[in-house]
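Could you build all of it, start to finish, from the sequences and the hints given here?
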Amino acid sequence: MSDRTTLQIVQISGHPGPVPGNGVQRQEQVCKLVDTTTCIGCKACEVACVEWNDLPFQRTTFDNTYQTMPETNWNYWNLIKFNEHEGEDGTLQWLMRKDQCMHCADPGCLRACPADGAIVQYSNGIVDFQQEHCIGCQYCVSGCPFNIPRFNSSTKKVYKCTLCSDRVSEGLEPACIKACPTGCLHFGTKDDMKMLANTRVTQLKEHYGMEKAGVYDPESVGGTHVLYVLHDATTPELYGGLPAVPRIPLSFTVWKSFFKPLGLAAAMLSFFGVLFHYIFEGPRRIQPELPVKLSEPPARGNQ
Amino acid sequence: MATTVKNFGEEPNRIDRLGRTVVHEGELLRHSVYTRFLHWMYGIFFFLALMSGFGIYLPWIFRWFTPLLGGGPTTRILHPWFGLGFVIFFGLQVLNWRNLMRWTEADTRWMRNIKSYIRNEEAVEAPDVGFFNAGQKLQFWEIVGGCVAYVITGVIMWFPEIFGRIAVAISYVIHDISALIMLAGIFVHIYLSTIGEPHTFQSMTRGTVREDWAWTHHPAWFQRITGRDPRVALAERRKRLVARDE
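If you read the protein sequences in the order shown, they are chains P and E.
For the first sequence, the working numbering gives the first residue as 18, with consecutive numbering after it.
For the second sequence, the working numbering gives the first residue as 2, with consecutive numbering after it.
Everything labelled a hint here was simulated from the structure, so no lab data went into it.
Among these hints, one or two may not hold up.
Said to hold, decoys possible - Label-pair restraints from in silico Cβ distances:
#1 P:Q148 / E:I45: 27 to 35 Å
#2 E:T105 / P:A283: 40 to 48 Å
#3 E:R103 / P:F289: 29 to 37 Å
#4 P:P33 / E:T75: 15 to 23 Å
#5 P:P87 / E:L69: 40 to 48 Å
#6 E:I45 / P:A283: 52 to 60 Å
#7 P:E306 / E:I119: 13 to 21 Å
#8 E:W65 / P:Q148: 17 to 25 Å
Note that this is a predicted model, so its numbers are computed, not measured.
Glycine residues also receive a C-beta, built at the ideal position from the N, C-alpha and C atoms.
Shown next, in the form of structure tokens:
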């Protein structure tokens, strides 16, 4: 059997040495496009996600909105966030955004993860959690600028949207895309989705007078494999806390990849310090020591 | 036990009377059973926490530590408890040693002279070096500070859902730095208590040290506990040895 599975891994968390799948396969970057301007908040994508992934149901919290629950959960990876926004001119906007893993090109979760193989990135751009290797430290939660990984306190593992890697590897679109009735969700290559998004933005600007319309594809995480078309791309925070400039904490980039090994080497200097102290200076012996008699010079073994 | 203590009328308290320490001829009581018990308890917890921690700190190199502790998830669950064990037993030692570890002017002088200590320029320690020298006190207080850092940052990482992602991202750097300092320190500690200064190790096992060890490494303590001048004692011993040799 060939080991050339459909999804080749290009990045592995906490992994020593090279990554076996890196660069051995020509593969397109896949991408989801979420056009928030045509989302009607029907939640078909939420249902499709729960259905396809066989996620167990749970009691939700009603907080006087249309939102299914306040936040995504370990068993609820896809959530439409409903936000009411009053514009400067007094007009009311109902902003709906499909919240799920963004599948960053430079994933903060993967950078933060200390467990070998618990988070992988495939060559098509999907970032996936491998729960069997997860140690439950929740560093990924800290590393993610989109607040996506969710901890299950009974399994001690972290879960999130897989971008339906099981479906995508078989040439199918993700379940949420398939369920969308308005055509607000699209799936394809990153280049195609970018083009589609830009076309839509031009249309919004020219036909609807939405001057601030734009595509959300933050460069600070190397771009994402989920694109948003926003009515107002200048303030993405309006859409349920989408960060304008998502950042991975420096401790997971600079400290982890550079200073950690350096710090260990520095600490090991102490080991070599005491070793060579013994060789160069020798032990501090209890006094008094018997003086060597001058009439009998000390024997020298190697002469 | 403890003829040395009796000499000076310092009645050992209930905790110091725990267990049995046999002080042989020519020996002095150094550490009581309680002190030794605490030392080995936090010693064990230190290495458990160190191993489980480094399995998570640098999995590229230390991933083979985690299977020894029951695998990744178990290591992650155990590490905070190991750390807690270390901090609790060390905390008891802090209470036990709080007077002995007080910094004095003699310690400041010792630190100024640290170069000659490292290079073994003096055969015996300065006459004002007491029960602990300044190097030991420095390491002790470093660990106290490290424990405070461990507890604060450790609790933040133990319950990230309460403290938030940025607190965790900052905490783990501080936690790491503290661990690296202690890792560097443990080599010095083990070296000086074993091959670096022979006959020191028995103070933490049997609890006693040789008299000549005491006047070599802790002259002021020797003087306080025996009432004899360490320099005179040393000179007498030397005379005796030379006489025997001839």
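Tested hints:
At about 32 Å, the beta-carbon gap between Q148 (chain P) and I45 (chain E) stays in the expected band of 27 to 35 Å. Checked against the given bound of 40 to 48 Å, the beta carbons of T105 (chain E) and A283 (chain P), roughly 31 Å apart, lie outside it. Range check, R103 (chain E) to F289 (chain P): about 33 Å between beta-carbon atoms, so the 29 to 37 Å window is met. Take P33 (chain P) and T75 (chain E): their Cβ atoms lie about 21 Å apart, and the range 15 to 23 Å holds.
For P87 (chain P) and L69 (chain E), the hinted distance range of 40 to 48 Å is satisfied, since their beta carbons lie about 41 Å from each other. Between I45 (chain E) and A283 (chain P), the C-beta spacing of about 26 Å breaks the proposed range 52 to 60 Å. A hinted range of 13 to 21 Å for the beta carbons of E306 (chain P) and I119 (chain E) is consistent with their spacing of about 20 Å. With their beta carbons about 22 Å apart, W65 (chain E) and Q148 (chain P) fall inside the hinted range of 17 to 25 Å.
The earlier numbered hints that this structure contradicts are 2 and 6.
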